[in-house]
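Trainee: These are the residues of each chain, in order.
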Amino acid sequence: MVKILVIDDEKGIRLGTQRLLEEDGYLVETAENGEQGIRLGTSINFDIIIIDLKMPDYDGLEVLKEIKKAFPNTICFIATAYASYDTAIQSTRLGAFGYIPKPFTPEEFIYQIELGIKQRTLILDAENLKLEREANLLEIASEKSRLNTIIKSIHDGVFVINKSGELVYYNYAAIRYLNLADIKIEIGDSILYKLPLEIIAIIDKILNSDKILLKTYTSQIEILPNNELVIEAACTPVPNPDGSLAGVVIILSNITQFKKIELIKSQFVSMVAHELKTPLAAVQGFINIILDDSISINDEKRKDYLIRSNVRLESLTALVNDLLDISRMEIKTKQREIEDVDIKNIIINTLQLLEFELKKKDLFVDSSIQKKISNIKADYNEITRLFTNLLSNAIKYNKDKGSIFITVNEENNFICIKIKDTGIGLKQEERDKLFNEFYRAKNEKTRGISGTGLGLSIVKKIVESYHGKIEVESVFGYGTTFIIHLPINTN
Amino acid sequence: MNPDEVKKILLVDDDFDLLEQNKILLESKGFNVITAENSEEGFNLFQKEKPDAAILDLIMEQMDSGFVLSYKIKKTNHGKNIPVFILTSATYETGFKFSASDKEEKEWLKCDGVLIKPVAIDDLIEKLKSFNAQKK
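If you're matching them up, the sequences are chains A and B in order.
Note that the working numbering has the first sequence beginning at 170, numbered continuously upward.
Note that the working numbering has the second sequence beginning at 244, numbered continuously upward.
Worth double-checking, as some hints may not be accurate.
[To be verified] BS3-like cross-link-like pairs, simulated, lysine-lysine; straight-line CA separation at most 27 Å:
hint	chain 1	residue 1	chain 2	residue 2
1	B	K250	A	K470
2	A	K528	A	K570
3	A	K596	B	K315
4	B	K266	A	K446
5	B	K266	A	K470
6	B	K272	A	K446
7	B	K250	B	K315
8	A	K472	B	K315
Source of the hints: derived by calculation from the structure; they are not laboratory data.
Working from the sequences, and respecting the hints, build out all of it.
Mentor: Printed below as a string of structure tokens:
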């Protein structure tokens, strides 16, 4: 509802205009002097104010000035009988919308008021529009800066080039991954020639193709030599709304770790292949000799070769089993069955299983196990595997009629197990490589002892998976001691 | 010198099954074979026996024991003039790529050829022939 204020010292005018305006449905207030007019006009946001020019206390123009200061969008009319060109100009300069000469007919008056209301509506609409636009712009600006912050801070590198190969956007990760930190780079630079050849080739392909295929082209690039930094670049064309090509967005991911794991894996596979080939070659060699009619060997030799072939095949089987164990263990850390495990029991059971080997070498076993040993939380099969490997090594690498000393103690929430043999011992350089996969000490004394080269690497994997520790002490020619610390509470 | 003149061959291999097999195969072709199971023993035997050719396993104590031994043999006065071959099953799948087929690689590897296990005896004799042909 339109609110109108009439400021006039003449009572007749006040009442007359009030009645006229109220008949037309307007809300009307009146003020009988300048002071009252200023008070009302600066405290309420009226749509229209009609100000008498000549009042006893205030000049109408003074009142106009005060009101306009408070509400610049209020439509003000100056009403006076003493119309003059000067006053008209002055009042317009002070922000009056119009000038109502007295006396006026009701029609003239209402017509002027209606013009004023139209103007007021226009002004308010414009004002609203402006506010709305400002709010929108603010929103867009903050959205943009939010996106910007996100893209700038992500781990992957992002950069965008336009159709002419000029840099349109980039984040810092992109600069880092492209190793361009030392070169000054700005938006708008022709960047193509600074990029790795692999990326240039893909971008060229995208920029020069006849139609846009919304397809991502990837390439793996070694940025720093020796796999120090390897990235994968994924280049995707960016279309305009009309479907034409706008540019290319390139995402760079750091795949260095992935590449390193891949390399370790392929080296492991190569070593496995080699380890599998060696016993096969030996077996094949014996068979070829037996089958070769041009080579004469006696029955005794032939049998010897068959027995030796069999030994090689047994070691091949053991190797395959160890490999399966390793792969199982790598999966199993997630699905092992944790229960209370009695280490003393496991050692006794393992020694029983190895009794045949112990007797064959006529070995003496001396075990000193502390009476009260806590159970540990572990997978029974893994702990059994751990001691089987260690004890069978203590047998294999022992001398005939030698000894094995086993001690088990509990100290500071750890179970400490020592397994000492009186065997061939280790040289310093052998000790350093002992836990490496496929490492086997090769010297005159290990000749003829079969093994896969995986046993101790499995032992180490098991111990470490329970946050334990394994150490080795050895004197070459006199024996080796393995010391294992396993936490009682493996969690 | 033709391969018939190669009479005494030194074999060094830490796998005593393969060592014995190759010894038997070479003996069946009329060679006199002397054997050693490690680099040190192999070099001592080489100096003592002055063989007409040497065949060395690559991976023994170390991944490159065969090359090291070959280098040592080639540095001696006698070693310079005899064919030395490296024997290995470690080839492409182990990441090794060598053949000693071109002069530069031969110089670098310090041996006269690489034999892939299991070794075909005819292949070995062929290699000895070509070595001696080149010498002429």
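Trainee: Now look at each hint and say whether the structure bears it out.
Mentor: These are the hints, each one checked on the structure:
With a CA separation close to 25 Å, the supplied pair K250 (chain B) and K470 (chain A) stays within the 27 Å bound. A C-alpha spacing of about 9 Å is found between K528 (chain A) and K570 (chain A), which places the hinted pair at or below 27 Å, so the restraint holds. As the CA atoms of K596 (chain A) and K315 (chain B) are separated by approximately 24 Å, the hinted pair is consistent with the 27 Å bound. At most 27 Å may separate the alpha-carbon atoms for a hinted pair to count; K266 (chain B) and K446 (chain A) meet this at roughly 20 Å.
In summary, the hint linking K266 (chain B) to K470 (chain A) is supported, as the alpha carbons are separated by about 14 Å, within the 27 Å threshold. The hinted pair formed by K272 (chain B) and K446 (chain A) meets the criterion: a straight-line CA distance of about 26 Å does not exceed 27 Å. Between K250 (chain B) and K315 (chain B), the direct Cα distance comes to roughly 22 Å. Compliance with the 27 Å bound is thereby established for this hinted pair. At most 27 Å may separate the alpha-carbon atoms for a hinted pair to count; K472 (chain A) and K315 (chain B) exceed this at roughly 38 Å.
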